[in-house]
Amino acid sequence: MATGASRSMKQTLYSQVAVPVPVKGPFSYEVPEALLPFATPGMRVRVPFGGRRLVGTIVAISPSLPDGVSDAQVRPLLDCLDPQPLLSATHLALSGWMAETTMSSWGEAIRTSLPAGLEMVGQRRVVLTPEGAAWVEMGREEVVQSYEPPPGELPLGPPRAAPSDRRRMLERLVEHGGKGLKLSEIAKYLEGTSVCALAYSLMAEGLVRVEDEWSDGIGGRWQQALRPADGVSREAALAATSRAPAQRRLVYVLWDHDSGLARTAAIRAADCTQQAVRALIEKGLVATFRVAAEDTSAPAWTGDADGAGTFDLTSAQLAALEQIESALIGGASRPLVLHGVTGSGKTEVYLRAALGVVERGRSAILMVPEIGLTPLLEHRARAVLGDRVVVMHSGMAKGQRIESWWRARRGRVPVVIGPRSAVFAPLPDVHLIVLDEEQDGAYKQDESPRYHGRQVALRRAELEGAVAVLGSATPAVETFHGARSGSYGYIELPERVASRPLPEVRVVDMREAFQSSGRTLLSAELEGAIAERLERGEQSLLLLNRRGFAASLLCRVCGERVPCPDCAVSLTVHRQRRSLVCHYCDHRQPVPIACPHCGAEQLHEMGHGTQQLQQSLEALFPAARCQRFDADETRRRGAHGRILSAFSRGELDILVGTQMLAKGHDFPGVTLVGIVGADDALGLPDFRAAERTFQLLTQMAGRAGRGDLAGTVVLQAYKPDHYAIRAAMAQDYDSFYAEEIEFRRRLAYPPYAALIACVCRGKSLPALKEEADWLAAAVREAGGQEVRVFGPASPVLARLRGFHRMQVLIKGDSGERVRNVLNESLERCVAAGRMPRDLRIDVDPLNLM
DNA sequence: AGCACGCCGACT
DNA sequence: GTCGGCGTGCTC
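Numbering of the first sequence is given in this note's numbering, commencing with residue 17 and proceeding in unit increments.
Quick caveat, the hints were computed from the structure, so don't treat them as lab data. Be a bit skeptical, because a hint or two may be false.
[To be verified] Simulated restraints on C-beta separations:
id	residue 1	residue 2	range
1	T106	G133	18 to 24 Å
2	L329	K779	46 to 52 Å
3	R552	G133	50 to 56 Å
4	R69	S503	41 to 47 Å
5	G133	K779	45 to 51 Å
6	D328	G133	43 to 49 Å
7	R594	E478	53 to 59 Å
8	I345	I387	29 to 35 Å
9	S503	D462	22 to 28 Å
10	G377	S664	34 to 40 Å
11	R552	D682	17 to 23 Å
12	L329	D682	16 to 22 Å
Everything numeric in this text was worked out from a predicted model, so none of it was measured. For each residue, glycine too, the CB sits at the ideal point set by N, CA and C.
With these hints in hand, go ahead and build the complete structure from the sequences.
Shown next as structure tokens:
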């Protein structure tokens with residue numbers, strides 16, 4: 017049949033299809049005649065791919081095949097999955113851009129931009145319309161496509177005599193009566209045909225109805241509904257049920273909701289059983305129809321949310337809102353940086369801006385770094401926007417996530433809240449995209465495609481003419497650089513609302529603390545400060561960014577630390593479990609008595625973790641209620657929220673935690689924040705170490721004194737003179753930025769350079785080294801003077817989960833240039849048969865470990 | 001990523 | 001004699 021089509025006079029069309037595999041695409045497929053009306057960019061299609069069938073997306077249609085693809089290679093599309101393209105032109109452009117800039121395949125980019133489970137198409141139900149039934153009864157058959165052979169060629173033979181697929185589908189439906197058939201059931205009878213496209217063709221002719229997420233149902237979930245039968249009055253119905261009280265109750269309910277009510281809802285409202293419903297249907301008083309089961313997750317908004325939406329804005333907030341508004345209305349689509357200290361009321365500004373957007377009939381996306389922060393924002397957003405908000409993230413149940421997606425896609429709700437994936441929300445007319453805490457590393461996905469939510473948000477805003485707002489108390493260095501250079505607009509909220517003072521910050525020099533008293537964990541100053549809070553009944557928050565009891569187990573005879581067998585790191589001592597734990601692969605083993613390296617029995621615990629800090633505090637302050645808050649303590653479901661709310665309610669005096677503490681959540685009763693190892697991260701071999709330290713310290717400092725009480729912050733550091741510490745102490749972003757940007761410029765790091773990190777993995781170290789050598793050589797050859805290549809070198813994690821790793825770092829002055837060089841290098845590797853087997857490419861890496 | 005094809009060890 | 005281990009190559 018494919019040959020018949022290709023030999024006909026008709027022009028064959030080809031589609032370029034992006035498939036969700038990590039191989040360079042897209043792939044070309046012939047468009048069979050039956051799918052011609054459907055084959056347009058953005059359409060989801062089922063395609064044969066090697067030995068399997070995949071759902072891909074048409075990204076282009078062309079009358080000829082691209083270079084290098086021959087007719088013999090191409091196979092036809094199998095089916096089209098939707099009545100219209102699922103992906104908008106913007107969505108296609110955005111995912112294509114993302115694939116290009118992250119060096120992943122377009123199909124993978126599309127896959128990550130859609131919620132999982134969207135391809136469950138078999139649940140859609142096809143129902144015959146009266147027109148369709150009549151069509152079958154009259155035995156009408158469509159005109160067989162008349163075939164005209166090209167001049168000089170013989171006809172291929174008579175047209176197929178078999179009844180056409182459309183007739184078979186319709187007849188099948190007639191046999192099955194009113195409630196129709198699921199596409200998956202139809203597919204069993206019409207094997208090898210494009211059942212989905214066929215159903216939609218019949219729908220276009222008015223012969224069937226398809227109950228799907230396009231027409232109304234959410235994720236294919238429909239339910240039966242009841243309404244008064246035509247021409248039956250309430251009085252007549254009551255008269256006919258005079259001796260059946262349950263049925264009468266149902267009559268009252270249904271005639272009160274005469275536009276229809278879901279069967280389950282009607283039964284609940286009338287407090288009756290299925291029997292009563294069945295009886296009314298049998299008596300012909302009640303008719304049934306099907307409605308979409310939807311909006312089950314939309315909670316009716318009740319109550320307030322800390323006054324969100326009701327505050328009078330401060331003059332700074334008003335000015336900020338005004339600037340955002342004028343960008344929105346003026347159509348100037350330059351991104352805006354909203355720089356506001358912790359507690360300056362940024363959220364209120366975003367929400368008012370979103371409200372304006374919604375009132376003008378357009379949509380907005382509000383992004384937070386982590387799923388865990390969505391409830392807080394949702395709560396406040398609902399106070400301002402009511403039920404015009406939907407949350408979308410991967411932690412939700414599958415059905416709910418799909419439902420939210422379709423609600424957004426169908427324009428039923430104009431505001432989406434979520435983590436980085438929310439940037440792909442299928443809202444029709446996005447006019448505002450807000451990233452809260454834009455500096456947060458969680459916006460970057462750490463698996464392929466390694467995209468940064470901020471970059472995608474900026475690109476989407478550009479494509480849609482929307483305004484991107486990047487909000488932060490400590491903007492990323494790249495972001496602030498953009499503001500300084502004028503690429504972004506800049507808005508500042510310099511003061512805390514309600515004129516709460518910024519906390520007082522003191523730095524303790526741990527070198528002196530050790531010299532004077534031998535203390536390495538808690539300085540006398542910090543201990544004294546905690547004691548004061550306990551006396552006054554106030555709360556303390558202590559940060560130590562390392563979980564476990566001790567960082568490592570050191571042998572005092574041979575000097576080795578007990579290592580992880582699978583990773584190139586030392587194991588952490590966990591006293592609770594009486595074990596050594598790897599924080600990278602979760603390997604566990606009992607604490608040894610003797611050194612596994614030399615056998616000596618002089619193992620010593622080095623470095624402090626949260627468990628040890630908690631133990632020390634309990635020894636010092638036996639009466640204090642002290643709780644730990646780290647990945648170990650919050651592993652159990654709900655523990656996270658339980659601990660935080662107990663602390664908020666004042667049931668705890670001291671909370672000891674890792675950087676998990678720094679995110680979100682206000683603690684009004686906290687008047688002391690202690691940061692035990694404020695400069696721990698400065699030792700990491702990473703160009704962002706100072707930036708991360710400054711951000712963490714500033715965020716933690718912001719946790720002090722948010723209520724009516726003034727706050728104090730105590731930083732313990734061995735390098736108190738480092739600019740990140742000094743700037744955090746002075747709470748002076750500008751001075752930090754001035755130092756940091758100079759460092760980046762001098763050493764040619766972002767934003768003055770673009771980086772790509774290539775990590776090769778392998779079981780055998782010599783083979784891996786050879787692969788990495790070839791890659792680095794290819795990059796050097798392809799790059800010439802344009803880029804600098806570092807490595808191959810062992811990254812900090814030279815071995816991880818049993819795999820050796822080698823890193824090649826490429827640096828150049830523009831992202832595009834570095835990507836081009838790497839692409840060319842990879843082609844050279846392939847040509848030489850030296851393509852690394854297990855290669856991960858990280859464009860703009862956030863860390864180089 | 002899958003999946004198929006292909007070439008070498010421990011088993012019904 | 002086979003079942004199956006995962007190395008290698010390919011997917012329009």
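Verification of the supplied hints:
1. Checking the proposed 18 to 24 Å range against T106 and G133 shows it holds: the Cβ atoms sit about 23 Å from each other.
2. Our hint of 46 to 52 Å for L329 and K779 is violated, since their Cβ atoms are close to 60 Å apart.
3. Between R552 and G133, the C-beta spacing of about 53 Å keeps the proposed range 50 to 56 Å intact.
4. R69 and S503 have their C-beta atoms about 45 Å apart, which keeps the hinted 41 to 47 Å range intact.
5. G133 and K779 have their C-beta atoms about 35 Å apart, which leaves the hinted 45 to 51 Å range violated.
6. A hinted range of 43 to 49 Å holds for the C-beta pair D328 and G133, which are about 44 Å apart.
7. Taking 53 to 59 Å as the suggested C-beta distance range, the pair R594 and E478 conforms, at roughly 55 Å.
8. The hint said 29 to 35 Å for the Cβ distance between I345 and I387, and at roughly 33 Å that hint holds.
9. About 27 Å separates the C-beta atoms of S503 and D462, a value consistent with the hinted range of 22 to 28 Å.
10. Checked against the hint of 34 to 40 Å, the C-beta distance between G377 and S664 comes to roughly 38 Å, which is consistent with it.
11. Between R552 and D682 the CB atoms are about 20 Å apart, so this pair conforms to the stated range of 17 to 23 Å.
12. A hinted range of 16 to 22 Å holds for the C-beta pair L329 and D682, which are about 19 Å apart.
Going down the numbered hints, you'll see the structure goes against 2 and 5, while the others check out.
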